[in-house]
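Trainee: Chain by chain, the residues:
Protein chains: 2
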Amino acid sequence: MLKNYLKEKRELVDTNIERYLNRLEYPLVIAEGMKYSVLNGGKRLRPILLLMILELYGKSLELGLPIAVAIEMIHSYSLVHDDLPALDNDDYRRGKLTTHRKYGEAQAILIGDSLLTHSFSLIADESKGVSSEKLVKIIGKVSRYAGINGMIGGQMIDIESEKKQVSFEVLKYIHSNKTGKLIKLPVEVGAILCDATQREFEALSKYSELIGLAFQIKDDILDIEGEFEKIGKPIGSDLELQKTTYPSIFGIEKSKMILKETIVEAKKSLEIFPEEKLEVFMRLAEYIGNRES
Amino acid sequence: MLKNYLKEKRELVDTNIERYLNRLEYPLVIAEGMKYSVLNGGKRLRPILLLMILELYGKSLELGLPIAVAIEMIHSYSLVHDDLPALDNDDYRRGKLTTHRKYGEAQAILIGDSLLTHSFSLIADESKGVSSEKLVKIIGKVSRYAGINGMIGGQMIDIESEKKQVSFEVLKYIHSNKTGKLIKLPVEVGAILCDATQREFEALSKYSELIGLAFQIKDDILDIEGEFEKIGKPIGSDLELQKTTYPSIFGIEKSKMILKETIVEAKKSLEIFPEEKLEVFMRLAEYIGNRES
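Which chain is which? The protein sequence lines are R and P, in order.
Residues are numbered in this note's numbering as their position in the first sequence, beginning at 1, plus a constant of 17.
Residues are numbered in this note's numbering as their position in the second sequence, beginning at 1, plus a constant of 17.
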């Protein structure tokens, strides 16, 4: 059931990504490079989370589609820049050449910049039926969560923490900012779009924080126990890079226990909502803990 | 008189840049790198243009300061990324080490990303006394003028046009997008903030387009006739790079004539406004044509 749900939503997101990006034509390398970088077979977890909130409140998905696409574009730009030679220097992502390997390095820098810039245009120019007050609030949140006090901050500290063991505090900062903020973002944006009460907002925010954390712990575990064929990248790269991870701090068994507890807590955080509306939220939390890729 | 006016406004802009950037603390290298990249002794032409419009309409400068700073931050991010080894590979800018030479290449990419991202936070979170409707309109314009159909587009075509002579059409595209859009932007944003009529908006937009063009033609001429000590970069670099410029298409004398005509036209475009309010606009247009750096 979850699988079909995710597939259906992923297709809706992909259709809209194409719809918005197909309008861009010139310069060709930027327009094509933007499409190439976003249409990469990703899970679309972030935009789907936004759509899940809209459905939870019985709102039209149209309301959030431009913002959902914008958030995915921000996620994509961060991958394009992370893959650059000066950062992770990766040649492949999901079995396809990385953007700079395909289009050149200068081009990839500009393609990433363009994705980030264009995401704000999508939110401001394409959102229909959302009040300007809400849009300003959402744009502020998007830029804060994606910027120095969010994703970029996490990415910087992650780079600085390579090849050394850092404290659990620093590891938590990296997780909650580098990947966590962009998982929290669509959920909190959805809550704003749906006029969630303060209590509901906090419950949803907590859920997103915990599944973001679970996602990260599972990533760390898969890097040790995963299968190359399934996760599509070499196993053991964290160990090789001497990265601080949950297993490196707590050991593998304790990490699995923390993961389980995090999933339980994530599910519990939504108990203020009617149970019959939560199936996909519950299943998604479980999926994040059990996924093999 | 213009000199004092520009100095006074530049100081106001710099004070506000510091005020907003001093709030950022962590990660240190990003916070410091953002300040280093923006506080570089620049002319502040773009933010000053926005303040000039506010004064023309007798509005409080406070109204536009966060947006003025945001636009300068976008200008700075574009320089940080342009200077990178994969693009212009410059070691110095205004006599100081470029951001990647000072902080490292990965850091400079993230510092640029952070400046761009944070600029939207400034507009959305810090603007006081501006309606949300106007802010959404302004954010849409900022992202369009800075993105694929604006500055980034111009930058990409400029890169593609290196070491070859391109048509006058392509040269105009590069000028009006790479540098032109970010000069037009603060003027049009100012007009929105001041509720300019359609006719006034068009007059102001025309003025900004023409001074942007004049700025660029003058740049091309200075690259041939300027003095190294004044412009702070080697003379003749366009020729060496076989760049298409106004002089390369029209010759130096004809280029000077076009520059003069452009300045005259720029000044004329504002004739619908009361003459006594235009002194700084007239002097700025002349300054752009006569500057030696």
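Among the hints, a few may not be true.
Stated by the list, open to error - Partial chain R-side listing against chain P, Cβ under 8 angstroms, derived:
hint, residue
1, Tyr43
2, Val46
3, Ala48
4, Leu114
5, Leu152
6, Met173
7, Ile176
8, Ile241
Please keep in mind that the hints were generated in silico from the structure rather than gathered at the bench.
Here a beta-carbon is modelled for each residue, glycine too, at the ideal position from N, C-alpha and C.
Trainee: Is the hint on Ile176/R kept, meaning its closest Cβ partner in chain P is under 8 angstroms away?
Mentor: holds (6 angstroms)
Trainee: Does the interface hint hold: is Leu152/R within less than 8 angstroms of chain P, judged Cβ to Cβ?
Mentor: Check passed: Cβ of Leu152/R comes within 5 angstroms of chain P, closer than 8 angstroms.
Trainee: Per the CB criterion, is Ile241/R less than 8 angstroms away from chain P?
Mentor: Constraint on Ile241/R not satisfied, violated at 26 angstroms.
Trainee: At a threshold of 8 angstroms, is the proposed contact between Tyr43/R and chain P supported by beta-carbon distances?
Mentor: holds (7 angstroms)
Trainee: Please verify that hint: Met173/R, Cβ, nearest Cβ of chain P, below 8 angstroms or not.
Mentor: holds (4 angstroms)
Trainee: For the restraint on Leu114/R, tell me whether the closest CB of chain P is nearer than 8 angstroms.
Mentor: Violated. Min distance 16 angstroms.
Trainee: For the restraint on Val46/R, tell me whether the closest CB of chain P is nearer than 8 angstroms.
Mentor: Nearest chain P Cβ about 6 angstroms off; hint holds.
Trainee: Verify the interface restraint on Ala48/R: the C-beta must sit less than 8 angstroms from at least one C-beta of chain P.
Mentor: Cβ of Ala48/R sits 7 angstroms from chain P, so the hint holds.
Going through the hint list in order, the structure does not satisfy hints 4 and 8.
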